[in-house]
Amino acid sequence: MTPLLIAQIVLTLFVFVALLSSAAGMVYFERKIAAFLQQRVGPTLVGPRGLLQPLADVIKLMFKEELRPRAADWFLFSLAPIISATAAFAAFAVVPFGADTTLFGLLGTPLRLQVADVNVAVLVIFAIASMSVYGIVLAGWSSNSKYSLLGGLRSSAQMISYELSYGLALASVLLLGNSLSLNEIVRAQSGAWFGFIPRWFVFLQPVGFLVYMTAGIAETNRAPFDFPEAEQELVAGYHTEYSSMSFAMFFLAEYINMVTVSAVATNLYLGGWSGPFSDSIGWVWFLLKVGAILFFYVWMRWTLPRYRYDQLMAFGWKVLLPVSVLNLIVTAAGVLAFGV
Amino acid sequence: MTLFYFFGAVAVIASLLVIAQRNPIYSVLLLIASFGALSGLYVLLDAPFVAVIQIIIYAGAIMVLFLFVVMLLNAPQEETDFDARVHPLLRPAAMRLGAVLAIVLVVELMWSLTRITASGSFPSGAVISVATIGRRLFTDYAFAFEVTSVLILVAMVGAVVMAKQDTARGGK
Chain A
1 MTPLLIAQIV
11 LTLFVFVALL
21 SSAAGMVYFE
31 RKIAAFLQQR
41 VGPTLVGPRG
51 LLQPLADVIK
61 LMFKEELRPR
71 AADWFLFSLA
81 PIISATAAFA
91 AFAVVPFGAD
101 TTLFGLLGTP
111 LRLQVADVNV
121 AVLVIFAIAS
131 MSVYGIVLAG
141 WSSNSKYSLL
151 GGLRSSAQMI
161 SYELSYGLAL
171 ASVLLLGNSL
181 SLNEIVRAQS
191 GAWFGFIPRW
201 FVFLQPVGFL
211 VYMTAGIAET
221 NRAPFDFPEA
231 EQELVAGYHT
241 EYSSMSFAMF
251 FLAEYINMVT
261 VSAVATNLYL
271 GGWSGPFSDS
281 IGWVWFLLKV
291 GAILFFYVWM
301 RWTLPRYRYD
311 QLMAFGWKVL
321 LPVSVLNLIV
331 TAAGVLAFGV
Chain B
341 MTLFYFFGAV
351 AVIASLLVIA
361 QRNPIYSVLL
371 LIASFGALSG
381 LYVLLDAPFV
391 AVIQIIIYAG
401 AIMVLFLFVV
411 MLLNAPQEET
421 DFDARVHPLL
431 RPAAMRLGAV
441 LAIVLVVELM
451 WSLTRITASG
461 SFPSGAVISV
471 ATIGRRLFTD
481 YAFAFEVTSV
491 LILVAMVGAV
501 VMAKQDTARG
511 GK
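Taken in order, these protein sequences are the chains called A and B. Under the numbering used here, the residues of the first sequence are numbered 1 to 340, in order. Under the numbering used here, the residues of the second sequence are numbered 341 to 512, in order.
Since the hints were made in silico from the structure, they are not lab data.
Pairs of lysine to any residue residues, derived as SDA-like cross-links and limited to a Cα-Cα distance of at most 25 Å, are as follows:
#, chain 1, residue 1, chain 2, residue 2
1, A, K318, B, L493
2, B, K504, A, V319
3, A, K146, B, P364
4, A, K318, B, M502
5, A, K60, A, S243
6, A, K146, B, L412
7, A, K146, B, S367
8, A, K60, A, F16
9, A, K60, A, M245
10, A, K318, B, A499
Based on the sequences and whatever the hints tell you, model everything.
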């Protein structure tokens, strides 16, 4: 085994553990920020400042009883959370999170901070996002419960509708980056205009960025678009019948999807790891940008009330889709006229 | 080569199970598994773009709609209007036609498989580059491309008209 191969394996494990703990961290920060916005204190009892609360949650979930409705289709019922969690982890594999590094000269050849360098990375993320719909749909159907089925149907309709705008927003960035590889797209955003404005695509694609963020919220089923689990109407939507660790897997998938959507948004629109000073601290800039987007997500959730379902569908098809198509046409014309 | 046989076996077995299933939901899922294996084969052929498109279009978009319809109909059991004990040759005409077509397909497959020569050379650059695919699609194959899109548009308009008819009648 070459040192590079060992480094690759360690990196893969590191990303896996980092994603797991990012979900736990997000749960803590979400509760703290929610409490802050509602003038409460939030978790304080477990550990200093309640920092061990996620750990307590995990232990609680592990020791809960695993319930299964008698009329459920047991195979699909157990498969659905696995699909959700797997898709969430798999999508992050193609996301680069820093410049190439030699780990302070430990390695001869530089290591790429990315689990799998695929030259069609953007499409892979899109493909895995379309696969994650199955987890929710199957959970809804196999539970054999009306709330679950309605939640599953809603979410599949919602995710299919918003995937179109999501894809068109991605396509506009691909035109600017002239590549399907996230590495190339990040590299295309290095440098600055007039010496002080960073060459981030968000300045060229303000509309595309808004479309991407909106569709991203719908894709991850977050408030104000969290219809699959609209408590007042559907109890808990597609995961009504789930308990213990299979519920935890859906929960995990939701938070990891949030991290992935934010990381992809950072790579596509906010210049990825590019920032001032040397490239070797690129991952710090990357983490800061992802953190900012994640905070924005949580902020949105505790600020805006939930839409009505028909409003969501009308907005997706009659506003977001035409806007993203127009954005794509204008971007294509701009690329044709001014070059990349 | 091991991977080729693995993906090939998954694709063939999953496809066979699609028609052997009585529960349409499992049929849909097995078809998705078959598409996934097919996409693995595309990756082995150095065509990652085609592989990902296969997943996005077929396994992602189209099969979700299939699943949607099956779930809405909520038909766990396939309705069969024939008795399984009747001899295959005495069943309705459509089934006999299906059998004939299946035999024709098998014969054609056998015939084409015996004719494969192991040259194994094809311009691999053509399938890798997205730019090449796009350029070809909008120049050499522009006519086929446009005709296909018109066909899809016609199908869409047809579906809308058929769906609207029902509600108009119900509204009266």
